[in-house]
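**Student:** Given next are the chains, with one letter for each unit.
There are 4 protein chains.
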Amino acid sequence: MSNKIPVGVLGATGTVGQRFVQLLADHPWFEVVVVTGSDRTVGRPYREGVNWKINGDVPDGIGDLIVQPTEPNLVIGGTPPVVFSALPTSEAKEWEPKFAAAGYAVVTNASSFRMTPDVPLLIPEVNPDHTGLIPTQQANNGWSGFIVASPNCSTTSIILPLKVWQEAFGLEAALITTMQAISGAGYPGVSSMDILDNIVPHIGGEDVKLENEPKKLLGDVVDGVMQLADIRTSAQANRVPVFDGHLASVSAQLGQKVSVEEAIAALENWQAPAVCAELPSSPERPLIYRHEVDRPQPRLDRDSGNGLAWTVGKVRECGVLDLRFMAITHNTLRGAASGSILNAELLVVQGYIQK
Amino acid sequence: MSNKIPVGVLGATGTVGQRFVQLLADHPWFEVVVVTGSDRTVGRPYREGVNWKINGDVPDGIGDLIVQPTEPNLVIGGTPPVVFSALPTSEAKEWEPKFAAAGYAVVTNASSFRMTPDVPLLIPEVNPDHTGLIPTQQANNGWSGFIVASPNCSTTSIILPLKVWQEAFGLEAALITTMQAISGAGYPGVSSMDILDNIVPHIGGEDVKLENEPKKLLGDVVDGVMQLADIRTSAQANRVPVFDGHLASVSAQLGQKVSVEEAIAALENWQAPAVCAELPSSPERPLIYRHEVDRPQPRLDRDSGNGLAWTVGKVRECGVLDLRFMAITHNTLRGAASGSILNAELLVVQGYIQK
Amino acid sequence: MSNKIPVGVLGATGTVGQRFVQLLADHPWFEVVVVTGSDRTVGRPYREGVNWKINGDVPDGIGDLIVQPTEPNLVIGGTPPVVFSALPTSEAKEWEPKFAAAGYAVVTNASSFRMTPDVPLLIPEVNPDHTGLIPTQQANNGWSGFIVASPNCSTTSIILPLKVWQEAFGLEAALITTMQAISGAGYPGVSSMDILDNIVPHIGGEDVKLENEPKKLLGDVVDGVMQLADIRTSAQANRVPVFDGHLASVSAQLGQKVSVEEAIAALENWQAPAVCAELPSSPERPLIYRHEVDRPQPRLDRDSGNGLAWTVGKVRECGVLDLRFMAITHNTLRGAASGSILNAELLVVQGYIQK
Amino acid sequence: MSNKIPVGVLGATGTVGQRFVQLLADHPWFEVVVVTGSDRTVGRPYREGVNWKINGDVPDGIGDLIVQPTEPNLVIGGTPPVVFSALPTSEAKEWEPKFAAAGYAVVTNASSFRMTPDVPLLIPEVNPDHTGLIPTQQANNGWSGFIVASPNCSTTSIILPLKVWQEAFGLEAALITTMQAISGAGYPGVSSMDILDNIVPHIGGEDVKLENEPKKLLGDVVDGVMQLADIRTSAQANRVPVFDGHLASVSAQLGQKVSVEEAIAALENWQAPAVCAELPSSPERPLIYRHEVDRPQPRLDRDSGNGLAWTVGKVRECGVLDLRFMAITHNTLRGAASGSILNAELLVVQGYIQK
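Residue numbers (this note's numbering), protein chains in the order written: chain A, 1 to 355; chain B, 1 to 355; chain C, 1 to 355; chain D, 1 to 355.
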């Protein structure tokens, strides 16, 4: 019998849910014992209920699980019982609090509670101490469980280099233009008639997420209270005909005058928080700086660090603000399922989930 | 016998040269009587020398012209004799001054002399009075002919809305990120292995052109002398898997506080300079503002105004500078061959070329 | 007041319906006076009810028409009243017979009655005499109106060269593999996640249409009765990441031994039926043979003849059957809306619709 | 010190050469000790001479090797010394015989000698006994070394299912239409202007390779002499906008009447030759049959079996020949570098290369 931590996946049949299932199939610490899905799929083996749309096949063990309804009476085990949530926004809004109230650790990829002040918006390499909001959240709501959220996939792509510069030099403003992959919209998602030989300069709600989430991720938790970072932000999200990988062009206003060399050195010398070394999914080098003039590129860099690394390049002077750069992460791995799994690993190390 | 103005096309076999040939085939004022090309093609009928890569067939009349060497002894006729230059940069640098010295009106799409102070960098809708540099240029060099240049195709895509706002409100800074079509690189140009399912965040020399050329286009010619505009600029040019149409995301710092409504009204109420009404290629509405949240898009908007209009949209507040917008033009039409033809039409109306 | 023939468009808000509206806006003979749509759009101006997805804007006159329900009590005028049908298959199956019974001439692009023995499956260049089935159809059903159908867009792409060879040499078998554009599936149609960097070797029902429809198009109407051609067919339809234009690779078994030169000569010397010269939409050269080894190509050839021509190339010996070739037509023009309009023009010339 | 078999890679800086280097970096039996390249790169560390165009980085050990000229005096060691050849066709034609004459085992991916009667055209799963031509080849030429060739990547994609049916039922004819990935043309290879939103129905020389190579692969070596299979073939190769993976549509005429079920069963029950179990790169299931109506697809199936498996689907009756099917393999893995490495592994097991 396995002595891994049993987990459930909420909304396991959707695009992000499939990624959770795929990634957790061979995870050293977690084992999927429950999957939930929509009415259409409940009661059927996962293998039959799912319209599997990613490489490879449905993992053997999980494929045989019978899809359960998404209700907080799942038999998972563990202390607390852990669920990864790949629920659509509206369902997440309804169900995640109920799971938290019922004692579950809800590790979610949904956007519903990202900006809720007492919900940690978490990336282990960026703000591992923001889990300090969990006791506040539990006290505020009277919950025995809790919710921990991952940021939007586009926010993820830009946040680590900004964090590094914020720590090193201070950060006052970030002006962002993204070029985002179609897989970010799920399946069927973007119509081929909209995106073949084309760009769509609009992704519903994305600009606002890109402008708000960095303020939380780069903020501080002081005495269990969230303090947003005082940074001006502006974002334009574009959909491009690329399969995976969100590329972003960013101009930053820093807290002090910094040379291009110093700014690159800060990125290259950055060390991940010590706790990251204990997380099995954490890549050896979470931040890769490339000096080639034509990098980063989605196809060449999205899979670096097993799809969990940031690749940054083209740091140079900005004629309007201080410095420009480009960054990319894999939107369905680092920016979605893998990011949430890494959050769960952090919760284990920090003791919020018992091993 | 035709009483059109006879013209030559220098470098007629390349991608831009082909566009000149296609567009001039049915032009109401101009008639191609000479085409020049590389050693490989000299002496052969144009139809056979060219590797025709654009829609439709080689125009009948021009297809039979024998390709000439690019030397300033072409028998064209006209006062002055007119040549459209689609030469590569290095050849343009060598040959265009020799043609100007020999009395030709050189209407060029090449980048070689764009930033030369006494060469007009010209867009009729933006700065028709910059032809006032021509006498200075002739005096400075002792030329009987002259050179007039079109801006880079990416500069073109952003310049008209900036000009409108500059006139209405003043303009202090522009921060630019472009998503540029593959046709901008000519043929064979961008390898499919570089751009399929990918973005390349580098186009050689393009960032600098995007940062410099607006200062000249938005500047003033005073007493025959070029005065650059005092605007801070920053640009990042990206190549995307789109066939035609350069889309740009721009944030602007204006000279005064302006509401989104006022900024849109300025674009919608803008009137082209009166001279534009006399130019046969000028579109009825050179500037189209679209209110849909997901426009402009390359595939839907690049052909507006017969490929000669700017389409602008998404004007809104920028959290870092004042306002953001997106704009597109067709890079090989407005941004290249059609733009130069429109310049030549302006030169006719202004008397620099005799009808 | 216009003295054009008034027409209605059934299902005018869908992808094919939009093409009908766009193409009929400037038609020399027809004028759209009625548009019908789904419950969601009924009662609204067409401009507001439609989600316009093709180049350009909604035509001015038609944009103001109020969308009607699809029922055979439309006030159109004309003898008989004419409706172009862009209805989905199931709705076409229900409504088209009701319109025909009520006296309307139904010129349809839907598949519902294509293989019905007394419904002409019509392409003017291929089988203009098949309208001889109309009296039979009216007698069989007791209808005062009638239905005339266009073939599937993929069938269209291959049929003219096969017809030419059938007439010249006899035709025994055709083995077909298509590479079909995404626009053939309408909007939203094919998910970008299915087709970017991919091919989908399945289009529901398409193989069967490709195998059956040629037998009817190449058959004979004898004494008002349809006789299918005795041809063996086999088809594999593939969806490819191309926006417009269905390209097909075909191997044919002919009725006699024919050299490649003779086969090409037959295509180049073919003359359209005389009646085609009277049809305003008919291209000057409906069949273009290209000798380049790398043609036809979708992007370069789909728009030939204003989107109504067949482009054929690569005729050569087949090591298994007799000869191979490749052919392309524009799937939403020749293969859909334009093809039906051309059918209506033929019906006018033949007197089935009064001018 | 390593006790792996030392090998050289000829033409290691090109696209296929890079794949060899990448795949051999962690090979259990082979170790790259020499790389050769063009004059431009000779004398430089491989890492600097190569324009690395595939995922990941240049492997550490190999990146430091100094590029050698391609001449048969390389210091490799081994009995015989082994070279993998990724040379361009013309260079392969000149140099491979010189290496064979000088005693090297030349395992080549080039096309130069594929159809030479005494050179094995080899795929371990298809015709492992064709290495029986090696002694003949050595005797005919007086060589101490030898040449073994891999087939064209498009031939590879169709050959295994045809082999299975040939063995089970006999095979008389194969009619082939391919849809081939851009990576098959190397770098820069196909211009994006030729293939974005397009298909090119021509790949130089490919049709002939597709028609000839199956006759050799499916033929017999009898008493050291090659006997081609008596099969009629016909092929049309098309380039499509897909990054990796050659998909083919094939109709086959079999030696006997076979039901679809029997034909599928033959594929599903096929067992690889016993020797394949000894080859470390051989996938567990070299032939995967998929029952979904929309498979195989390049993006979903090209990486199956670590890029070394055939995926076959859509077996059904053909209205012209007997049966149709579709098949895919990864063109730069199974169809190129991986295929040649597998050939070398076979040569080790069979004793032509000493371990």
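Simulated from the structure, these hints should not be mistaken for lab results.
Owing to the predicted nature of the structure, the values given are computational and were not obtained by experimental measurement.
Don't be surprised by glycine CBs; every beta carbon is placed ideally from N, CA and C.
Warning: the hint list may mix true and false statements.
Said to hold, decoys possible - So the derived list for chain C, only partly shown, Cβ under 8 Å to chain A, looks like this:
1) Gly-49
2) Asn-51
3) Trp-52
4) Lys-53
5) Asn-55
6) Val-75
7) Gly-78
8) Val-190
9) Ser-191
10) Ile-195
11) Leu-196
12) Phe-243
13) Ile-288
14) Asp-294
As the list claims (entries may be wrong) - Here are the in silico distance ranges between beta carbons for each label pair:
15) Glu-317/D - Glu-284/A: 24 to 32 Å
16) Ala-139/B - Ile-66/D: 57 to 65 Å
17) Glu-48/D - Gly-61/A: 57 to 65 Å
18) Gln-350/C - Asn-51/B: 41 to 49 Å
19) Asn-141/C - Glu-317/D: 45 to 53 Å
**Student:** It remains to establish, for every hint, whether it holds in the given structure.
**Tutor:** Checked hints:
At its closest, the beta carbon of Gly-49/C sits 19 Å from a beta carbon of chain A; the interface hint therefore is violated under the 8 Å criterion. Interface restraint check for Asn-51/C: the shortest CB-CB distance to chain A comes to about 11 Å, outside 8 Å, so the restraint is violated. The criterion of a C-beta within 8 Å of any C-beta in chain A is not met by Trp-52/C, whose closest approach is roughly 12 Å, and the hint is violated. Annotation: interface hint on Lys-53/C holds; nearest CB of chain A at approximately 7 Å, less than 8 Å.
Against a cut-off of 8 Å between C-beta atoms, the interface hint on Asn-55/C is violated, since the closest Cβ of chain A lies about 12 Å away. Taking 8 Å as the C-beta cut-off, the interface hint given for Val-75/C is violated, the closest approach to chain A being about 34 Å. A least Cβ separation of about 34 Å between Gly-78/C and chain A goes past the 8 Å threshold, and the interface hint is therefore violated. At about 4 Å, the closest approach between the beta carbon of Val-190/C and any beta carbon in chain A falls short of 8 Å, and the interface hint on this residue holds.
Look at Ser-191/C: its Cβ gets to within about 4 Å of chain A, closer than 8 Å, so that hint holds up. Below 8 Å, beta-carbon pairs count as interface contacts, and Ile-195/C has one with chain A at about 5 Å; its hint therefore holds. Here the hint on Leu-196/C is kept, as its CB sits about 5 Å from the closest CB of chain A, short of 8 Å. The closest approach between the C-beta of Phe-243/C and any C-beta of chain A is roughly 5 Å, which is under the 8 Å cut-off, so the hint is satisfied.
Contact between Ile-288/C and chain A, as hinted, is not supported at the beta carbon level, the nearest pair being about 24 Å apart and thus beyond 8 Å. This hint is violated: Asp-294/C has a C-beta 20 Å from the nearest C-beta of chain A, more than the 8 Å allowed. Between Glu-317/D and Glu-284/A the CB atoms are about 54 Å apart, so this pair departs from the stated range of 24 to 32 Å. Checked against the given bound of 57 to 65 Å, the beta carbons of Ala-139/B and Ile-66/D, roughly 59 Å apart, stay inside it.
Evaluation of the 57 to 65 Å hint for Glu-48/D and Gly-61/A yields a failure: the beta carbon distance comes to about 47 Å. At about 45 Å, the CB distance of Gln-350/C to Asn-51/B agrees with the hint of 41 to 49 Å. About 35 Å separates the C-beta atoms of Asn-141/C and Glu-317/D, a value inconsistent with the hinted range of 45 to 53 Å.
The structure is inconsistent with the numbered hints 1, 2, 3, 5, 6, 7, 13, 14, 15, 17, 19, although it conforms to all the rest.
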